[in-house]
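Residue numbers (our numbering), protein chains in the order written: chain A, 1 to 168; chain B, 1001 to 1321; chain C, 2001 to 2650; chain D, 3001 to 3288; chain E, 4001 to 4181.
It cannot be assumed that every hint is accurate.
Some residues of chain E that are not near chain C, with every Cβ distance over 12 Å (derived) [stated by the list, open to error]:
{"no.": "1", "residue": "Asp4004"}
{"no.": "2", "residue": "Cys4024"}
{"no.": "3", "residue": "His4035"}
{"no.": "4", "residue": "Gln4096"}
{"no.": "5", "residue": "Lys4117"}
{"no.": "6", "residue": "Glu4125"}
{"no.": "7", "residue": "Ser4131"}
{"no.": "8", "residue": "Thr4134"}
{"no.": "9", "residue": "Pro4144"}
{"no.": "10", "residue": "Met4147"}
{"no.": "11", "residue": "Arg4178"}
Dumping the calculated DSS-like pairs for lysine-lysine here, alpha-carbon to alpha-carbon at most 27 Å [to be verified]:
{"no.": "12", "chain 1": "A", "residue 1": "Lys31", "chain 2": "C", "residue 2": "Lys2221"}
{"no.": "13", "chain 1": "C", "residue 1": "Lys2108", "chain 2": "A", "residue 2": "Lys31"}
{"no.": "14", "chain 1": "C", "residue 1": "Lys2221", "chain 2": "C", "residue 2": "Lys2504"}
Just so you know, the hints here were simulated from the structure itself, not pulled from any lab data.
Every residue, glycine too, gets a C-beta built ideally from N, C-alpha and C.
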Amino acid sequence: MSDNFEPKILGILCNWCSYAGADLAGTSRLKYPANIRIVKVMCSGRVEPTLILKAFQEGADGVLISGCHPGDCHYVDGNIKTLRRTPLVARLLTQIGIEPERFKQVWVSASEGEKFGKIVEQMVEDIKKVGPYQKKMGDQLDVVMHEVAASAKEAAAAEEKGGSNCGS
Amino acid sequence: MAPKLQLAIYWAAACGGCDVAILDTDEKILNIAEAADIVLWPIAMDFKYEDIYKMEPGSIDVCLFNGAIRTSEQEELAKALRARSKFMIAFGACAAWGGIPSLANLTNREGIFNTVYKETATTINEEDIRPDTNYPGPEGELHLPRIYDRVWSLDQVVDVDYYVPGCPPTPETIWTAILAIVTGNLPPKGTVIGGTKSLCDTCEREKTEKKITQFKRPFEIIADPKKCLLEQGLVCCGPVTRDGCGHRCTNNNMPCRGCYGPSEKVSDQGAKLLNAIASIMDVKDEKSAQELAATWEDPAGTVYRFSLAKSLIYDYKKGGE
Amino acid sequence: MSDHKIGVYVCHCGSNINGVVNCAKVTEEIGKIGEVVVAKDYKYMCSDPGQEMIKNDIKEKGLDRVVIAACSPRMHEPTFRRALEGAGLNGYLLEMANIREHVSWVTKDKEEATKKALSLVKGAVKRVKLHEPIEEREVPVTNTTLVLGGGISGIQAALQVAEAGHKVYLIEQKQYIGGNMAKFDKTFPTLDCAACILTPKMVDVGQSPNIELYTSSEVIKVDGYVGNFTVTVREKPRYINHDKCTGCGDCASACIMKNRIPHEFDEGLSKRSAAYIPFPQAVPLKAVIDDGNCLFLTRKKCTLACVKACGAKAINFNQHETIHEFKVGSIILATGFDLFDAKRAPQYGYGRYANVINGLQFERMTNASGPTSGHITLADGTEPKSVAVIHCVGSRDENYNKYCSRVCCMSSVKFAHLVKDHCDAEVYEFYIDMRTFGKGYEEFYNRVQEEGVHFVRGKGAEVAQIDGRLVVIAEDTLLGQYREIPVDMVILNTALEPRVDAEKVAQTLGISRSGDGFFMESHIKLDPVTTTTDGIYLAGCCQSPKDIPDSVAQGSAAAAQSLAIIATGKVKISPISASIDSEQCAGCRICIGLCTYRAIKLNEETLRAEINEAVCKGCGTCAAGCPSGAIRVSHFNDDQLLAQIEGVLA
Amino acid sequence: MVAYQYYPGCSLHASARDYDESVRGVLGHLAIKLEEVPDWNCCGATITPSLNQLQSQILPARNLALAAENRGDLVVPCNACYMSLKKVQHNMVKYKEIREGVIDIFSQAGLSLTGMPEVRHLLEMIMEDVGLAKVKEMVTKPLKDLKIVSYSGCQLVRPLGFDDPEDPQALDQLMEALGAKVLPFSQKSHCCGSSLMTTQPELAFKMVDSILEEAKKVGAEMVVVTCPMCQLNLDAYQGQINNKFNRTGQLPIIYFTQLMGLAMGLSKSQLGIQRGIVSSNKALEKIV
Amino acid sequence: MFKDFTSEIMSYPGGEKITACMQCGTCTGSCPTSHAMQYTPRRLISLIRANQRDTVLQSLDIWKCASCYSCTTRCPRGIKFTDIMYILKNLAWKEQSKMENKNIAGFYNAFQGLIEKRGRMNEAELIMKYSFQTNPVKLLEFAPLGMKMLLKGRAAFSAPSVRNQVQLQKIMKLAQERGGE
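With the hints as extra help, turn the sequences into a complete structure.
What follows is the structure in structure tokens.
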């Protein structure tokens, strides 16, 4: 793993608890790695796998979802839906080839600034062990083959030679 | 008489089911034959590559392209036919979303070769011989298509005009497509021939309260034909799948498997379905959520059975950003 | 889609942001993005000139979208929304990038911080393009208020709202109001007698036409939102008919359980009967029957001496709990504190040695209507010759509560004075720091010093019993010597802790608690009385330990907040809510079970789900669960979030 | 037959032979097999930590390395050994410097720390695994109205002990289960002076004196201990202490396992009761 | 090599929280031998923080710690003062050439000598070695107790030792060198 690899992590935080917790880490001037980019949602129940897969499609190396502790949800039980979804979402991601270290769902309350900083630190460390996320675009050879056969001109040239070689 | 429709039908990483489906239009096949000249149909008529390369650009009116893109040959043919067809139609789930072949994206070329040429018990392959793109045969240098690292859907390789969903598409869907082309009143580009809503809209099964206490596989229970299958613990892809198939499966007491692809507003069929089903699991704490989730045998395989290639993390243009 | 005209403003926030994030560079980079027509950085965006700059740009340059990279939206989003509206632009066409709390304050490396800030602003720009104007939703405000907790701050809040002419429901868990203050004898620094200053207020509560007092009651459910709460309250039976009972106390003297049940009000120093009057100045001054100890209620066999003794025939054993539902505009939490149980620190001998008591027990002892009618006595009835007061028992301590309970220093000095006053004993006070923070407090401390109290600067480490005498072991840190000081009585000034049911109350009301377990305010410095849930306010020790003046001040402040929304008659509520596109909804009913507010119903004719946008709170859980993608949440729909994700990862 | 790994510690082979005898007697009676850790070494108690921190971690760590993997928990009868073994496990998790130091040194001496057993004091094992119900069941001769105070000592409960550091309850409950009358005692977990008794006796005498005086004052006939160091300090110097502080009367200091043995019908000699310096015969007349 | 005595103490496991001390004196109040100390535990911390290294390391008080962990348990700031006392003794033992109190030095040398060689301890042998190292008359003081222990069978004269002395001596030497840097 190249040692200066700095993972890009998307954090989706619920407004009432985790976003406020991250704010508290700020007001307490706690330092934690700058790898995480935070997006706010009103409740962790608003998060769905489409947002997570989009993050990986855009090249994120990890996604962190954080909501209120069960029982503290501002919308009574929005986070209970998150709690139901997480095991299945985690399994889906693993099945489609995303290492477990790249996805974490945690509970951070508005008073747990320090805990939030530690979670980010730990996640950056774990992802560094696993390395950068490889976009699922097939290996380079596939791309080369594509250029070779791509241009219509190319196909036409094959025609003059009276027969194509269908493949390099 | 108006010049006959020049119709090409090609099959890439496919099972031939779509071609057979075209015959399923029974007597309507005659109308098709009457309305169109089939200029290319590898399953039915022999052809050589030169025959395709001789065709003038645009000489094919409609190309019904079924099957996903797995090898370089399939990519080349897709590009060649695209260059020569006015309308390119992704015919069937494989061409449209990668279909069942794209489940191979759960692994890669090396994984597949290891399984096929090394690990299976009956394989003896000391020199670890693997397929390669050229082979110095007695007749001279032989070229074989390269097997790509992943499976692509048709629209990830070439520009596609219409999509005919289904595995295979039903005769009605095929006939609707052909009619639209023949009569010339074509829907806007990119339309998926079928309904816009999910199957639940037209499903007569009785719906009460969506709550899952246990995941079941189709062979584990005899479902009550009157009641919603999802409410009986069967993973039915109906809520996220576009209608238009005439409920072939649910009318035969089997849960929908999603072959008509995502409904209009859904960008990632698997992700949406998984989240919907997980949300109605009847659990309140983390431990029981884990336990219940574990009873669902193969989430990815079920929710992405026909559309893994179009899952967001695979949805790229081949070779492009 | 026609191009947008986006204005991006990067705030320095003095040096808070610009000290770490290179605001100029971020501004320059973001200016290069298409559709960004204005990109400026400025020292204080939230200041008037800052806001003026935005307004002018909107007017002159025709901006239709604004991104402000500054502090947390939880801090100044309302401010900047008002600025946009001031310039005629809908307040929701704004997106804030949090580059202070989430970037500059938490990142050391400047280069990394600038890179992170830039990506957050890019995300904000991509998101703001997809923002749609949203009209603030205004709802009428019910002009009633619910005050939970009848201690001094609850009483103050209730009286103030009532005197302004509005109805108050005062809900008190115990059988009487007055809270912990009712137990005190004197108060510092003026040595006013607690009863003299509290009783009139309690009587006012009892007699106020606008206050409905419910004792022995607790809130079990809260629905609705600011201006339109529905609060369900369970009132436990008192088995006494309030209208008939005259508060004469005959039932108490007749009861066969007389002097057998430890009296909570006297902190266990006296015994009472099952039917009893809490204390002489109690409001309501009515008897109550303790269903935990009354023989008739527990084992159905008793001579019912109380019924015979009650002239007013007020006792009614088949009273049962009643459930009330109140429609209120706002809720004021004033639930007070519990004392730290000194048994959790066995080294102080509380509960093992007779004459080791806590602060409230001493208060009861010095109270004229208390168990010892004001005499400070040892267990054997004699007067102590020497008394020790130990500060910080359970406070400022990693093993128990890290925080300082603020009031114990002054109450300890008061105890010392009272001991000197009542029985002229030697008094030793063991303290770490003497915190005399209030008006007149230092002067009071000075006066008590001159009364000859020994102030030992060193925390009491242990209370032992040597040769039958209590000994306080501590280090006199100013002497640097280990000392063992024999005394007759030890008063432990224990920490003020959150109520034992604080977690349940917080969850019932949907508010969060800070690390120390007290209810969490919106902002610890600028907004200590409101919570992040609009319409729910805090007052007194339930927010953190404080003395009576501060509790009263917060009671008034909370009352002012309630009166403010009552006065305006309407209040803006979060306009964010979900809506269903019936064209796309297939009636699969998955969303219906997901809404805890039951805002989604199935339309029987169309067999489509429909959302009642007035009830919907905008959490978005249904949108994430809808398999057809038919549900859209305003301001948090898929396109906006996906765009922001794309932007922050670019 | 339940088996535990057993770390006796140096004193149980010499000055605390009676403790060793009573431990083997009682546990044998309870059908519990003890497998002594092969080639165990001294834990360094409070002496080695005063001289070299790393050495003070090496000594107990070697015993943990020698203890077999998954052969059951490691039971320790002496408070000081129990604390040093638990402390090294705790330190190796908490402090990287110690973890690496010990592992590096052990690698050069063929010792490996994978699969360390859980360290438990003998009293902890009896209370949690055997349980009070089983103990009551095995009592044939209850110690009727034998008035005792229970002295857990300091390192059993601090800093990582299994009971309340200020007011431990386990020993009280066990003695009540045996039928003894447990008197209130505030110095249950005060210190007996340990090695100060040898180097600076005047300090240790004062500590032992305040413990014995409170025991006498509350009317105890015996002091029950769980550690050989405490037993020796309380038992062996009562004469000198009485002279120094002109006190009268002496109190027998007895191991909790000895009283358990008596209550379960074992003989005094089996339990080494006569080895106590201050004789306990008079106090035990009522029982045996 | 350390900025000051405080950061030196903080560099050792157990010393990390010393700067949190608010000088409340609970440690002294909880310490069973602080009555006999010129520099009470609290005062030692303030001396450390005042950088008076020699005063601390040469004081006899650090050797009066019975290691009962009462100060560690009760410290409101969570400072592990017992571990700090051990650190101070380690430094004093390593650096102080002469130690006024013969008793203490003699006892620790005797104990350490036996442990480093044979890995196990026999009290009787320890007392004898300790007496020879300090002053033989001590043997007479211990004699009565020794006799009683002998009569009660609580004194063994075997020289107990671990079997694998080589291994033990090696690891103790390695620890000595490693600890010594």
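Agreement of A:Lys31 and C:Lys2221 with the hint, judged by alpha carbon distance not exceeding 27 Å:
violated (40 Å)
Separation of E:Gln4096 from chain C, once the least beta-carbon distance is taken, above 12 Å:
holds (23 Å)
Does E:Lys4117 really sit off the interface, with its C-beta more than 12 Å from all C-beta atoms of chain C?
holds (40 Å)
Hey, is E:Met4147 genuinely clear of chain C, shortest beta carbon separation above 12 Å?
Nearest chain C Cβ is 35 Å from E:Met4147, so the label holds.
Closest CB of chain C to the CB of E:Cys4024 still more than 12 Å away
With a cut-off of 12 Å, E:Cys4024 comes too close to chain C, as the shortest Cβ separation is near 4 Å.
According to the definition I'm using, a residue is off the interface if its beta carbon is farther than 12 Å from all beta carbons of the partner; does E:Pro4144 meet that for chain C?
holds (31 Å)
12 Å cut-off, C-beta based - E:Ser4131 kept clear of every residue in chain C
holds (32 Å)
Far enough from chain C: is every CB of that chain over 12 Å from the CB of E:Thr4134?
Given that every Cβ of chain C is farther than 12 Å from that of E:Thr4134, nearest at about 29 Å, it holds.
Reported absence of E:Arg4178 from the contact zone with chain C (all CB gaps over 12 Å):
holds (32 Å)
For the pair supplied as a hint, C:Lys2221 and C:Lys2504, is the alpha-carbon distance within the 27 Å limit?
Distance ~11 Å between C:Lys2221 and C:Lys2504 Cα, so the pair holds.
Least C-beta distance from E:His4035 to chain C larger than 12 Å:
violated (5 Å)
Could you grab the alpha-carbon distance between C:Lys2108 and A:Lys31 and see if it respects the 27 Å cut-off?
holds (7 Å)
The earlier numbered hints that this structure contradicts are 2, 3, 12.
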